[in-house]
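J.: Chains A and B, in that order, are what the protein sequence lines are.
Quick note: the first sequence uses numbering that gives the first Met the number 0, first residue 0, plus one each step.
Quick note: the second sequence uses numbering that gives the first Met the number 0, first residue 0, plus one each step.
No lab work stands behind these hints, which were simulated from the structure alone.
Given the structure is predicted, the values throughout are model-derived calculations rather than measurements.
Some chain B residues judged to face chain A by a derived CB distance under 8 Å, without partners named:
| hint | residue |
| --- | --- |
| 1 | Leu60 |
| 2 | Gly75 |
| 3 | Val100 |
A virtual CB, placed ideally from N, CA and C, is assigned to each residue, including glycine.
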Amino acid sequence: MPFVTDDPNMLDDWLVVGPASGLPRTTRLLGETLHLHTDADGTPHALLGNDALTVQSRYGFLWVCPGGRPARPLFAFPEYEEPGRRIVDCGGLGVAVSGLRVIENFLDMAHFPFVHPDYLGKVPHTEVAKYNVEVDAATDEIWATDCRFWQPRASAAHDTGSEVFYKYRVMQPFSAMLYKSSHRPDRLDAIGLFLQPVDDEHVIAHTLLAYFDDVSTDAELIAFQHTIFGQDKPILENHAFKRMPLEGRAETPTRGDTTSVTYRRWLRERGMRFGTARAAA
Amino acid sequence: MNPSAISQAWHPVAPSAEVRAGANIVAGFAQGQELALWRAADGSPQAWENRCPHRSVRFTLGQVTGGDRLACAYHGWQYEAGSGACVRIPAHPAMPAPRNVCAKTFATADAAGMLWVRLAAGGAEAPPELADAVPAGWHLARTLTLRVAASEVRAALAPHGFASTETPDAWQGTLGESTVAALLLDAQPQLSFLHLWTDAAPGSDAMARVHRAARQLRSDIEAAASH
Numbered sequence: 000m001p002f003v004t005d006d007p008n009m010l011d012d013w014l015v016v017g018p019a020s021g022l023p024r025t026t027r028l029l030g031e032t033l034h035l036h037t038d039a040d041g042t043p044h045a046l047l048g049n050d051a052l053t054v055q056s057r058y059g060f061l062w063v064c065p066g067g068r069p070a071r072p073l074f075a076f077p078e079y080e081e082p083g084r085r086i087v088d089c090g091g092l093g094v095a096v097s098g099l100r101v102i103e104n105f106l107d108m109a110h111f112p113f114v115h116p117d118y119l120g121k122v123p124h125t126e127v128a129k130y131n132v133e134v135d136a137a138t139d140e141i142w143a144t145d146c147r148f149w150q151p152r153a154s155a156a157h158d159t160g161s162e163v164f165y166k167y168r169v170m171q172p173f174s175a176m177l178y179k180s181s182h183r184p185d186r187l188d189a190i191g192l193f194l195q196p197v198d199d200e201h202v203i204a205h206t207l208l209a210y211f212d213d214v215s216t217d218a219e220l221i222a223f224q225h226t227i228f229g230q231d232k233p234i235l236e237n238h239a240f241k242r243m244p245l246e247g248r249a250e251t252p253t254r255g256d257t258t259s260v261t262y263r264r265w266l267r268e269r270g271m272r273f274g275t276a277r278a279a280a
Numbered sequence: 000m001n002p003s004a005i006s007q008a009w010h011p012v013a014p015s016a017e018v019r020a021g022a023n024i025v026a027g028f029a030q031g032q033e034l035a036l037w038r039a040a041d042g043s044p045q046a047w048e049n050r051c052p053h054r055s056v057r058f059t060l061g062q063v064t065g066g067d068r069l070a071c072a073y074h075g076w077q078y079e080a081g082s083g084a085c086v087r088i089p090a091h092p093a094m095p096a097p098r099n100v101c102a103k104t105f106a107t108a109d110a111a112g113m114l115w116v117r118l119a120a121g122g123a124e125a126p127p128e129l130a131d132a133v134p135a136g137w138h139l140a141r142t143l144t145l146r147v148a149a150s151e152v153r154a155a156l157a158p159h160g161f162a163s164t165e166t167p168d169a170w171q172g173t174l175g176e177s178t179v180a181a182l183l184l185d186a187q188p189q190l191s192f193l194h195l196w197t198d199a200a201p202g203s204d205a206m207a208r209v210h211r212a213a214r215q216l217r218s219d220i221e222a223a224a225s226h
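Bound conformation, chain A alone (with noise of 0.2 Å):
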């Protein structure tokens, strides 16, 4: 039986596997080596040896079902199409724990002004204002809205700075999408998060914008996003158990972390296994 896994919420779903660019190229999933490329017509093809896999091409990217009976289809993603949007891919990088803890990262705030200071937050604005978390009924995706924190001001010389305005949305274990205060006093920027999980312990990490931004280089935007990546890495690679836990107490969380508590039940009722932690006794 291949791939590392058996928990349906990995066989079933449709897994990132890199931009859809790029081809033909070798990469990893749930353990395994898979071949990618694509016909003259652009039809995309995964091989995992001399088997073919189910895979789609979206968004720039591509996306195996690796039981071949995909639960769902994929999700929705309207801003990638909308006018006057800029697409930026800020490449894969990879990340040594389980996808899990990316993504509760990706959806923290209160870790602002300690690993992004200066850029995403500055202490002593560290407060976390409550705000409200849903699951979507009819799609099973988790919204978090409401959500705002100080964030200084692009000079450095003055401690000023505002208010930004956050909502998150967590579209399957391992893909989520931030949406925060653009140019255009009306729109949101989206930053995906789209983790291509290489086995219970490493993630690729594919980040892809849609902005409204007329005045920053690509290469402007992408670095800006490595940064903070750069200051994320370390502290994902060093949590004392890579495995996020879903049962036990190891791990007490507090009223801010409203998205992460809602994001492990979500995680517990769909019998998640991947990647995470036995519990301890």
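Following the hints, put chain B in place on chain A, whose structure we already have.
T.: Frame of chain A, contents of chain B only:
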């Protein structure tokens, strides 16, 4: 040693001078337990499980703050020296800290120039023999890292001319031409530390010979273990 003696053992996790008051946090190991070693501003030694109880990020990435607190690098949660109790959660500055959130702490003792840690939750205080583990006035040559189990090191020390002493896992012998006190730390299943103290003067030729002989000792022990 019998199992209860091992769990009651005092482990020499670091030279005392390496862990500076109110300054740094040093990674320690004892029998597979990862530790965060630090001192409050008053010098009191702290050995905590290297894991913040919030999201399990290692305390060693954090910093000592306010003289007597350790702040986690992830969300800045602060824990006080001594009890290990969480005293501040920056995401909720007005909220009193939750009573049930606590770093796991271990008993510590400074003796003979080393910081010792006891893993057993309740137990005897540091025995007086610890103070005799290293003669007064000696210098730390180095801490040797060996990628073998502590049992392999114990078995190898006698054939290399070391004799055991009153202090558990403290040995005396010769390296180069200098007398050496070797304190063994069982760090992880395939990782041992040997703290080598000597009367050779730092920077001297004698000390250089101690270092050469120490590297040879490690090569011999690791080679023997791999067969």
